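> Sequence:
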Amino acid sequence: MRFKTTTLLVVSAAQLLVVLDGTIVNIALPSAQATLGMSDPDRHWVVTAYALAFGGLLLLGGRVSGALGHRRAFAVGLLGFAVASASGGAAGSSGVLITARAVQGVFAALLAPAGLSLLTNTFTEPRERGCAFGVFAAVGAAGSAVGLIAGGLLTEYADWRWCLYINVPVALLAVVGTALVPGTQREPGRLDVAGAVLSAAGFAAVVYGLSMADVGVLVVGVVLLTAFIIVETRVRQPLLPMRVMQGRVRGGAFLAITVMFFAMFGFYLFMSYCTQTVLGLVMPPTASLATAGLRGHDIGAASAAYNAAQQLGAALGTALLNTAAPAVGGCVLLVAAVLPCIDETRGARGGLAINRERY
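Take 1 as the starting number for the sequence shown in the numbering used here and just add one per residue.
It is worth saying that the hints were derived from the structure and are not from the lab.
Only a predicted model underlies this, so the values are computations on that prediction, with no experimental measurement involved.
Label-pair ranges, simulated between beta-carbon atoms:
no.: 1; residue 1: Thr5; residue 2: Gln185; range: 21 to 27 Å
no.: 2; residue 1: Val249; residue 2: Pro126; range: 19 to 25 Å
no.: 3; residue 1: Pro182; residue 2: Asp42; range: 42 to 48 Å
Backbone N, C-alpha and C define an ideal beta-carbon position, used for all residues, glycine too.
Please take these sequences and the hints and turn them into a complete structure.
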């Protein structure tokens, strides 16, 4: 039982790092831009580089994790993530910072599937597995909110670089804890190199094309992703088996979740930057945005369980916080009015999508 508890704690800590780093630098962007003399076109790549590397290599990371052994891959992912975080925190130019963020994403793509596999292999009883994955999911759901809160606190009272340095001690502690995690057998199989290259290049081209409004690059990205789908239907051991996407309910759930997170992270980045550079605020919008992240999880859970009391209490809590927000300045009225509306819709859809995904 001790090994199971340690595994859950270590994997949950790693999951927190992976999700947290998707949002923690949002609040730090204005300070980092001023310190490093970063141009406006380069600014968003501090966030995009991490998300792009993580998402583009996640499928490959799962296969590499099986080939190396999940515990070994987990430890390698943690160490690489720590080194990349330290390098990003010490960055003296925007290029170094963006590169470090991309490397963070690469190791996160190895770390996340390895941790998930460790949980699956450690908790074999249905009841224990349900509890373990509940904790794992709760940590992941709270990670975005924790990132926004931590980013605001560290930027306001320390330095924006600590938004990256903070990962180092957590990752190293998790590496130490990995010694107590039961090992797993390696999973033989061939790497789908063509699929990995096509998916990573396709996602990169789509993101770059959308960011720079370059239609040509966007078309190239769509062509590459189409080629990826064709390749995955023909290879023996695909990165993404097409049967996973089949079925109206399951496919619809995946599409809903994709669109939801696409909108959510774009909104977080825009709103956190706007409230600091345009409205001149730091901590109040951070608290509101973090509340939106937590509220989405509460409403999603309430939608699943039809728990009216929980839903009402969560809504009243949000209303109370956003009612108090105008006390710090009239400009916050806009944030206080918009966030609850977006939050309720996003959270309810998230709960429905995640529950549909079970089928």
